[in-house]
Amino acid sequence: MDYEHLPEHRIGFGKGFLEIVRYIGVVLLVGMVVATAFTLWTPASVLPRSAARDIARAMATRVGRNASPLPPTNTPEPRELIGIVAGHSGNDSGAVCPDGLTEAEINLNIAEQVKDTLYSEGFDVDILNEFDDRLTNYSARALVSIHADSCDYINDEATGYKVTASLETQTPVESNSLVSCIIGRYEAATKMNFHPGSITYDMQYYHAFREVNAKTPAAIIEVGFMNLDRDMITNNASTVAQGVANGILCYVRNESLGIVE
Numbered sequence: 263m264d265y266e267h268l269p270e271h272r273i274g275f276g277k278g279f280l281e282i283v284r285y286i287g288v289v290l291l292v293g294m295v296v297a298t299a300f301t302l303w304t305p306a307s308v309l310p311r312s313a314a315r316d317i318a319r320a321m322a323t324r325v326g327r328n329a330s331p332l333p334p335t336n337t338p339e340p341r342e343l344i345g346i347v348a349g350h351s352g353n354d355s356g357a358v359c360p361d362g363l364t365e366a367e368i369n370l371n372i373a374e375q376v377k378d379t380l381y382s383e384g385f386d387v388d389i390l391n392e393f394d395d396r397l398t399n400y401s402a403r404a405l406v407s408i409h410a411d412s413c414d415y416i417n418d419e420a421t422g423y424k425v426t427a428s429l430e431t432q433t434p435v436e437s438n439s440l441v442s443c444i445i446g447r448y449e450a451a452t453k454m455n456f457h458p459g460s461i462t463y464d465m466q467y468y469h470a471f472r473e474v475n476a477k478t479p480a481a482i483i484e485v486g487f488m489n490l491d492r493d494m495i496t497n498n499a500s501t502v503a504q505g506v507a508n509g510i511l512c513y514v515r516n517e518s519l520g521i522v523e
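According to the working numbering, the sequence shown holds residues 263 to 523 in order.
Keep in mind the hints are simulated off the structure, nothing from the lab.
Think of the CB as a built atom: it goes at the ideal place given N, C-alpha and C, for glycine as much as any other residue.
Here are the computed lysine to aspartate or glutamate pairs in the DMTMM-like style, where the Cα-Cα straight-line distance is at most 20 Å:
(1) Lys477 with Asp395
(2) Lys477 with Glu436
(3) Lys377 with Asp394
(4) Lys477 with Glu342
(5) Lys453 with Asp418
(6) Lys453 with Glu419
(7) Lys377 with Glu367
(8) Lys377 with Glu342
(9) Lys377 with Glu392
(10) Lys477 with Asp394
(11) Lys477 with Asp388
(12) Lys377 with Asp388
(13) Lys477 with Asp386
(14) Lys477 with Glu430
(15) Lys453 with Asp493
Label-pair ranges, simulated between beta-carbon atoms:
(16) Phe393 with Ile461: 20 to 30 Å
(17) Asp361 with Lys477: 36 to 46 Å
(18) Gly362 with Pro434: 32 to 42 Å
(19) Tyr463 with Arg341: 28 to 38 Å
(20) Asn475 with Pro360: 37 to 47 Å
Build out the structure end to end from the sequences listed, making use of the hints.
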């Protein structure tokens with residue numbers, strides 16, 4: 263603009279207007295520079311990448327002050343252990359019938375069904391062989407060895423079951439309670455007669471009684487004679503197994519012997 267031919271007051275106005283425009287331009291420019299600087303300046307831009315990533319994860323997973331805490335995870339209680347010896351298994355056949363039926367197969371069949379019942383009732387169960395290495399200092403809530411009696415015909419009285427604990431047990435109260443429970447529950451389930459007169463020395467001084475931990479209550483049962491009781495211990499093995507399992511449950515649950523469930 264040619265200020266030489268304008269009145270003085272017009273010249274002053276023009277110069278003032280340009281100063282204002284220049285001032286506004288400077289302000290806008292400075293604002294843009296500052297805004298750009300703040301945009302570029304972030305914690306991630308001045309921190310190592312790993313640190314920035316950790317901060318981002320922490321922010322993403324941070325629980326608000328008013329958020330409800332997660333409920334504690336319930337840790338399941340450990341299941342009690344019960345040992346079942348399948349008599350003669352892993353060692354020999356035991357008693358043998360003329361048609362080839364062996365005591366070992368009878369015992370194992372019953373032992374496996376006892377295990378299934380006890381497991382369904384909340385217990386862990388080991389099925390052990392006759393001379394199982396695990397028997398050494400074996401520790402459990404209870405241990406029961408399952409056997410069957412001879413397949414030979416002896417007389418009409420050679421029928422029924424028998425149960426005993428060790429005569430040398432270091433847990434006489436517990437072991438005798440286990441025996442009492444098995445007697446009561448087994449007879450209730452099978453309707454078989456208790457045959458105490460045929461309890462032998464080998465039963466009372468059964469090798470496993472000396473091998474297991476001294477604090478493990480233990481008992482041995484002969485579930486019946488393979489001759490006169492054959493139908494019960496083979497064709498009705500599930501009933502036999504239930505009777506054994508009920509006896510063990512009676513003991514570990516401290517049930518009254520007068521109550522049959």
